[in-house]
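*Asks:* Protein sequences, first through last, are from chains A and B.
Just so we're aligned: the first sequence equals residues 1 to 339 in my numbering.
Just so we're aligned: the second sequence equals residues 1001 to 1318 in my numbering.
In short, the hints are calculated from the structure, not lab data.
Just to be clear, a hint being listed does not mean it is correct.
[Said to hold, decoys possible] Derived lysine-lysine pairs resembling DSS-like cross-links, with alpha carbons at most 27 Å apart: (1) Lys113(A) x Lys1142(B); (2) Lys1228(B) x Lys127(A); (3) Lys54(A) x Lys1142(B); (4) Lys1019(B) x Lys1142(B); (5) Lys1228(B) x Lys54(A); (6) Lys127(A) x Lys65(A).
[Unchecked claim] Computed list of chain A residues with no C-beta within reach of chain B, every gap over 10 Å: (7) Arg105; (8) Met174; (9) Ile181; (10) Asp291.
[Claimed, not checked] Covered stretches of chain A (chain B as the covering partner; in silico rule of three or more C-beta atoms under 8 Å from a C-beta of chain B): (11) 18-31; (12) 186-192.
Note that the structure is a prediction, hence the values are computed from the model and not measured.
In this text, a Cβ means the ideal position worked out from N, Cα and C, and glycines have one as well.
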Amino acid sequence: MAEVRLESVTKRFGETIGVEGIDLTVHDGEFVVLLGPTGAGKTTTLRLIAGLEKPDHGLVYLNGKNAAPLSPAERDVAFVFQQYSLYPHLSVFENLAFPLRSPVRRRDEATIKATVERVAAMLRIEKKLQNRATRLSGGEMQRVAIGRALVRSPSIYLMDEPLSSLDAKLRSDMRLELQHIQRDLGATMLYVTHDQIEAMTMATRIGVLDHGHLVQIGTPREIYEAPRNVYVATRLGMPSINLVPAAAFSGQPMPPGTQTIGARTEHVVVGKRASGASKPATVDWIEHLGDQNHLHLSLGEHKLVTLVDPDMALSVGDAIDLSLQGALYFGADGERIAA
Amino acid sequence: MSGASTTAHSVVEPSATSKRVAGFFVILYALISMAPLAWIFATGWKTPPDSISYPPKVVFDPSLEGYCNLFTTRTRQTNEYIEALGPPQGACDEVTRRREMVIAGQSNYVPRFINSLIIAFGSTFLAVSLGVFSAYAFSRFKIPLADDLLFFILSTRMMPPIAVAIPIYLMYRELGLSDSALGMILLYTAVNVSLAVWLLKGFIDEIPREYEEAAMIDGYTRLHAFFKVVLPQAATGIAATAIFCMIFAWNEYAFAVLLTSGEAQTAPPFIPTIIGEGGMDWPAVGAGTTLFLIPIVVFTIVLRKHLLRGITFGAVRK
């Protein structure tokens, strides 16, 4: 049983809000991803759970126990930092063995060796064990950093953008690896990122943070299809959701009180200019991505970006038909109105 | 530093000509700086008349007299007395008898030299140890009035030794610390600790906190994390700081001459007091100075690779 619960946790740094009134439960075996831009309070949340920061208000519970009196060492959490995660003066083996040599969980040398080798094999770094930590590539360093969390079986793994310093190819490999590891170990994870692909692909549940507030938490589908407000809606989707005043689609049926229409690419239907029923729009620009094209459109004074099939013969300046097939509707306060 | 592939006209790499010119000036400067050292070294191997002859002798017959006089005390005897002694015991005995003297005993040079070693190493060790802990505290914790405290620590170094020597002398007399090795160690530690705190704080500021935080989450206490993670990474800073503290303590003259006279006297105030017949015994002074230079040169060479980073006060990023 490994469960983490935050109860109206608030942390300020002077005038700046770190997090405010966060209520969050990470259940046993769950992979929760906290999503938000820099300064949203993601890292602060992890540090509060790890005991590196003390909350101003509210309580952190680990396995149902109040964690306030526990030092970071006693909390039995593992933390993967965004950077600076390896001890540069130690070899890879020593880095991985470091948590197992600590006073609170000292193991005998044979166990340490076996554990380190098992984890190194899992992360495919077994050939690098004798290297100095500084003589590794970025991807290897990050594997070792993750490995240092995996040599233990903590109640929760806290990961602070562990993949952000890697290049795209490595990031997608590691994303898969992390999912496999999490599933194989049945581990409880709280993972922080600003990368929506990581959030969508890995999470059991996504928590969206904005200026220290947990705006919404739910499965990736829920967050994507039923965002609570405009802010959450803009967090997911590539290209990001088009926000257009309701007036621009005056003919379209929409719930009363709608101020803003949120049109994701799949809501936008474009076709060759023919019928009179749809809205006329102009092609401003086309970005060719190979398998698909990003189509930049002007609808009156409003700009939209959507995806089209590369086969669709369009060029800049073409007039096209534009209609909506389902959309998200937001009221004056930015909250979503159910259709 | 890409080695073979660099061109003479690269923006970052100086041209061969400018390197040669710079090299010429560096060598010239080195020669000028080393000339006094070479003179001291040579003086140690001269006879007393050679050492004060005018014009100065650059080429001379080397003599052991300087080193013999440095380590011994001698008394004048009549020729008859010396002839009655039988054959001389070793080279120094021979050199001494040629001046119609016999060796009466050991000089104080060796005990003074040992005092210097004890006091310099002792105070360096203490100053660096205290410095690294306080620097860590200043670097990592919110300390009320930290900036003022740091300035206060630095200000202890602003007074010239001569201004504080008398109060310290009176204080030490009351405490029974005057002319004691412990007193000198404490005094040099107090002077050096300000330098150590300031230098080391720069180095420790550069070590990311994440290392200690990771260690604390991995199950270590802060103190453990400090020894296991922070200290190894501060090694460069510690070595550089130790060199600076050591150089100060080893060469210190003003406090030593005012506060020590016998038991705890260090080599710097002792060497100029070596008096021979009819004035200063310059060869012995040269010999004593030459030997006195050796430990600090060795210490600096051993820790040399850290020194370059050290003199930039920890400002260089890895």
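*Asks:* Each hint should be assessed against the structure and marked as holding or not.
*Replies:* Comparing the hints with the structure gives:
{"no.": "1", "hint": "Lys113(A) x Lys1142(B)", "verdict": "violated (40 Å)"}
{"no.": "2", "hint": "Lys1228(B) x Lys127(A)", "verdict": "holds (25 Å)"}
{"no.": "3", "hint": "Lys54(A) x Lys1142(B)", "verdict": "holds (15 Å)"}
{"no.": "4", "hint": "Lys1019(B) x Lys1142(B)", "verdict": "violated (47 Å)"}
{"no.": "5", "hint": "Lys1228(B) x Lys54(A)", "verdict": "holds (24 Å)"}
{"no.": "6", "hint": "Lys127(A) x Lys65(A)", "verdict": "violated (41 Å)"}
{"no.": "7", "hint": "Arg105", "verdict": "violated (5 Å)"}
{"no.": "8", "hint": "Met174", "verdict": "holds (19 Å)"}
{"no.": "9", "hint": "Ile181", "verdict": "holds (19 Å)"}
{"no.": "10", "hint": "Asp291", "verdict": "holds (39 Å)"}
{"no.": "11", "hint": "18-31", "verdict": "violated (count 0)"}
{"no.": "12", "hint": "186-192", "verdict": "violated (count 0)"}
Comparing the model with each earlier hint shows violations of hints 1, 4, 6, 7, 11 and 12; every other hint is respected.
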